[in-house]
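Chemist: Protein chains in written order, with the working numbering: chain H, 1 to 305; chain W, 1001 to 1499; chain Z, 2001 to 2322.
The hints are simulated quantities; they were obtained by calculation from the structure and are not laboratory data.
Mixed in with the good hints, there may be bad ones.
Computed from the model, here is a short list of chain H residues facing chain Z with C-beta under 7 Å [to be verified]:
#	residue
1	M39
2	P42
3	F43
4	W44
5	L107
6	V162
7	S163
8	I199
9	P202
10	P206
11	S207
12	S222
13	A277
Every beta carbon over 10 Å from chain W, so not counted as near; a handful from chain H, in silico [to be verified]:
#	residue
14	R26
15	V29
16	Y141
17	L142
18	L175
19	S184
20	I283
21	I285
Being a predicted model, the structure only gives us computed values, none of them experimental.
Glycine is no exception: its CB is placed at the ideal position from the N, C-alpha and C atoms.
So you can see what is in the structure, the chains are spelled out below.
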Amino acid sequence: MTTKENVKRRGSGGIRRTRGERIGNRIIVVLLGMLSIVMIYPFWHVLMYSISDGAKALGGGLFFWPKGFSLFSYGLVLRNAQIWVSYKNTILKTLIGTALSVLLSALTAYPLSIRRLKGRRIISMYIFFTMLFSGGTIPTYLLVKNLGLIDTFAALILPGAVSAYNMFILRNYMLSLPPELEESARIDGARATTILFRIILPLSTPSLAAIAMFYGVSNWNSYMDALLYTNKLSLQTLQLYLRQVLLQTSSSNAAMTVAGKTEEYVSDTQVQMVIVAVSVIPILIAYPWLQRFYTKGITVGAVKG
Amino acid sequence: MKKLLSLLLALLLCLSAMSVVSAEDGPHTITFMLSGDNTVTDENLVLSEIRQRTGINLVVNYISSGDYQTKINTLIAANTLPDIFSISGQTALDLRDAGKLTDMRPYLEEYGPHILASYEEGELEELLINEGDAVYGLNDRSGLVINTFLIRKDWLEKVGLDNPTSVDELYEVMRAFTFDDPDGNGEDDTYGYVAAIKAPNTWEHVFSAFGIPFNVLNLLEDGTVTTYMKNPRYLECIEFLRTLYSEGILDPDFATMTQMESFERFWNGKVGMFNWNSVGSMRNWYPGRYVFEVPEQPGDLFARIEIVDDETGEICGGKKPYADLSSYCAVIAKSCEHPEDAIRLLDYLYYTPEGGDLVFLGVEDVMYRWIDKENGLYERIGEYADDVTHRAAGGYVYSAGRGGWTVDNSSVRTYNAFARESQQEEMAVARDWPYIPVILDAYTEYGTQLNAIEMEALANLIVTTGDVEAEYAEYIARWENEGGLQYEAEATQWWADNR
Amino acid sequence: MVNSGCRPKKRVSAWHSFVRSLHMDFLLYALLIPGLIYFTVFKYAPMYGVIIGFKDYNIVSGLDNANWLGFGIFRDLFQRAAFQRAFMNNIIISFLKILWGFPMPIILSLLINEVRSRAYKKYVQTTVILPHFISWFIIYGMLYALCNLSTGAIPQVLKSINETFGVRIDIVNYLAQKETFLNVLIISYLWQSSGYGTIVYLAAITGIDQQLYEAAMIDGAGKPRQMWHVTLPCLRPTIIIMLIFRVGSIMNAGFDQIFAMSNSLVISVADIIDTYVYRIGMEEAKFSLATAAGLFKSVIGLVLVLGTNWIAKKVDPESGIM
C-alpha cells in the first residue's frame, strides 16, 4: 500500500495503520500496562497494609490483599477532632493558594513570552536567580514577621506564592504558541489583558493544569511554612498534624489503648501507611479532574481565524 | 486590569483579616512553647483545668519533638521568644549571657516553693545554665532511666539453659536461641541477638560485658579520656560480634533495620533477649505491643541478665545515667511580663503531685480515678479509657509523657513492680564512665561527625572479610584526624583538672 | 520532506502603529508588576542572609554582631576529609541520576502519547504519578521488606532457587552492600520520579498544533517518523528548559532519599553534601556552615546553568531561559 493511499483512506474516515504500527502500538500498551502495575503496587501495598490487622501485617511480605482486617489505626488518626481542623486549613490553603499562584504565574509568564518586549531577558534572569540562591530560613522568617503575617492564614499562602520553576514552565509553553496569535489580535486592537485572558490562557490549559497540579501538591504537602509561621492549633495544617501522629506512635508515649478494647496491636509502620493514605487520597481524587484539561491536542490554526 | 489588581488586593485584605488577634483583660497570659507528639485539640479539658486552678491564662505552642529545635532557633534569631520554653547546650548559655533570660531566684521563695524543695542543696547551682546564685533554668530529671538486658524465661526453659552469667554462657544461650527452636514453632526463624546501628541501646550490655561503656567517653588506664573505640578490649568485643555474625546468630540486618524494627523483633518473638529501658519494655508497651501471649505480670516473663566479667569479677550493668547538666532546661524569657506567674505555673504543673497527675493522667474523676493511690494503681474512666480521646482532651500531653520533672513524678509513681525493681537492681550495678558536664568546644565542632565514624567502624568491622586490625587502625586514624585528637585532648584535660 | 519546525517563521508585521504598541507594552509591563513585587519582597529581601556563610553567626547575638570570617568557613569545610568524600559522592550520584533520570520522563511521555484509548491513557497517566506521593521513608520501608535477609521477598526467592536448582547465588542485602547500593538508589529514584516528570512533557505534547501532524501525514510520515520529526522538535524548548533546571540543581543529589536509605555500611558511597551538613549542623545551630554549603552548591549550579544556557542558545536561539 502506498502512503498516498494510506492518507486517502484516513481522509475518508477509516483509521488504518500499517502492520508495524499496530504491533508497535500493542507493545506500547502492554509495556505501559506492566509499568503501571509496578507503579500502582506500592500504593496498593500501602492501602492494604493500612487496613490489615496490625499484628498479622508485621510479618511483612507482599500485600495483594489485607492480612486480617482492622481499622484501628485509621481510628487513631481520624478520631481526633483536630484532624478535621487541619484538613479544613489544608484544603483552604490548597484552593486559595493554588488559585493565587496560578494567576500570578500567568500574569508574569505572559509578558515574558512576548519576544519583542524589551528587558524580558533581564527580568527572566532576575527571577531565575531566585531558584538558585535563597536567603535561608531565618531572614525569611524575619520578613514574614515584619510583614505582620505570623499566625495568620496569609502566612501559609504568600511566602511561597510564585515558584520560578512553574512560572518558567508556563512561559515556555506560551513561547511555543505561534506569535502571530498575539500579533494579529493586537492589530485588531485587543488589549494585552484581553489577549491574555481570551486567547493565550485558553490555549494554555494543558500547561496551566500542569502547574496547578504542581502548586496544588506542594501546597498540600508543604510543612515548614506552617511549622514556622503559625503557633495556633487553629491554623494547624494536615501535614503538621500527621507528623505529630507519626512521631507519637514511634515514641515510648504511643497511644495504645482504645475504649473497651485494650490489646489492639498498633505498629508504627501501619500508622505510617494510614498517614500516606489519608494525605494522598484527596490528591488522587483531584488529579483525574485536572487531567480533563489535557485532552487531545489543540488545533491552533482554528483559533487564529 | 484595574479590576484584576483590586481583586488581588481584596483577596490579600481578606487573608490578613482572617487573623484577628484578640487582646484579653483579666488573668495574665503566659505563652509556653512545649515539645511533644500528641494530637491534642486546641481547647481542652486539661488546659481549662490548669487555667482554672492557677488563675493563669496558659497558651501552649505545641511543637512536635522533631521540629522543636528548628522552631526555637528561628524564634531566638527573630527575637520573639515565648514566655516559657526549653533550651539546651551552647545556645542556652549564649541566651543567658545576652541577658535574654529571667533570673528566677528572686521569685522562687514566694512562687516556686515546690521547685526549691525538690532540689537538693547545691543541685540547682550545678546546672551549666545557672551562674552563681542566679537561677536561669530548671531541668527535667524524670528521664533518668537505665537500660536493662532482658531475657525471656520461657525460652531459657525451652532450651534447658540457665540465665547466663558469663560471656561464654551468653554465647551458648544466644546459639541455642538461634538454632534450638526456642519458640517451638518448628521453624528456623529466631535470632540469638538483635542489635541495630540505629538503636545504640541494643549494643550496650554486650560491650559492657567486655568492660566497655558503649557509645560514650572511656577512661583509659593512662588517664586519657577518649572514644570507646580506643578501649583496649574493643577488638575483643568486635571479635565476639564477628563470631555471632558469621555463625548467623546476630541478625544480619543490623546495619539497615530501624530502631522500631529492632523492637518489633522482640515483640514478635523473633529474639529472646533485648537491651532496653524498663519503661519501654515493661510499662507503656506492655502488653499492647506484644504479638504473642504474655502473662499479666512482666516479671513472670522476663528476667534481667547479669554478666560477670571474668577479668575483673564485676557485674556488667548498663551505662550509668547522668543527669545531663547541659541538657534541656525550662527557662523564662526576659521579655515575659509576669515572671512570677510563669514560675507559679511551672511550680504547680511539674513540681507538685497534683499538677503532675493533672498533666499526666488528666482531670481526676472525669478522666481517671485512683484505685490504690499508694501503689500507683489507677483506671481511666469512660471514653477517656481510649488513648486518642484522652490525649485530645489534654491528658498525657503537657507532661512529655512523664508527669512532672521531679525524680518521683507521676509516671514513676505509677510504674509496675517489675519495672521499679529492675530499675533499682540495674542501677546498683551500673557501669560508670567519665561523664563530662560541660560542653567541650571540640564536641560542638566535631561531635556528630566523630560519632558517625564510630558507627561506620562498628558496622564495617563486624562484616568485613578483610584484615580487621588494619581496618580498625584506619578508622582510628580517621577519627583522630577529623577532630578526634582535639576532642580527646580537651576531654582528658578537663577530667584531669576536675576529677 | 517532513517539515521539522513547529511553526513557520514570519517577520513581525511592519505596519503596526508605534503609539499603539507603546500603549500595549505599558500594559504588559504592568502585568509583570505583581510577580516582580513578589520576587523582590519574598525572595530578594531576605537574600542578605547569604552573608551568614561568611560570618561567625550566632542566633542569639544576631547577624550584625557576628565577626567576618571571609572564606574561613569554606576553607574549613573543604579541608574536612568527610566533606571531600561527600562532594565526590554527590557528583557521582547526581550524574547518574541525570544520565538515567532525565530521559526517562520524556520516553515515558512519548509512549503514553501513543496510547489511543482515552480511558487507558488516563489510567496510565494517573498510576505513573502515584509513587511521587509516597515519602522516601515509606519507600525505604518497602525496599527493606523486599531486601532484608530474614523475611525479605528477594532473599527468599533466591534461597528457593538455590535449593531447587542446586546453584549458589550469593544472598545479600542490596541495601547494605557498597557494591549494589547505588543501583538500588538510582532504580528507586527512577521509579519514584519518572512519572511525575511526565506531567510537563505531556502538557507540552498536548499543546502541539494538530495541523503539524496532518501535514506530516500528508508527507507520508508514519508514527515513528511523526514522533521524531514533529513531537520531539516541538518538545525541544521544554526539554532544554527542564535540562537547564536539572543541571542547576545538580548539587542536590536527593537529601530525603539518601537520608532515608543510607546506613553505616554504605555511608562511604552514599554520604552527600546535604546529609553531611545536616549531620554536623544538627548538634548546635550551625547556620554559617549550612549557609556556606548551600552557597557553594548554588554557585556551582549557577555556573553550570549559564554554561548550559549558552550552549542551548548556540543550538537554538529561541530556547533557553534568558
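Chemist: It remains to establish, for every hint, whether it holds in the given structure.
Modeler: To see whether the hints hold, each was checked on the structure:
no.	hint	verdict
1	M39	holds, 5 Å
2	P42	holds, 6 Å
3	F43	holds, 5 Å
4	W44	violated, 9 Å
5	L107	holds, 5 Å
6	V162	holds, 5 Å
7	S163	violated, 10 Å
8	I199	violated, 14 Å
9	P202	violated, 12 Å
10	P206	holds, 4 Å
11	S207	holds, 5 Å
12	S222	violated, 14 Å
13	A277	violated, 10 Å
14	R26	holds, 41 Å
15	V29	holds, 38 Å
16	Y141	violated, 5 Å
17	L142	violated, 5 Å
18	L175	holds, 22 Å
19	S184	holds, 21 Å
20	I283	holds, 22 Å
21	I285	holds, 24 Å
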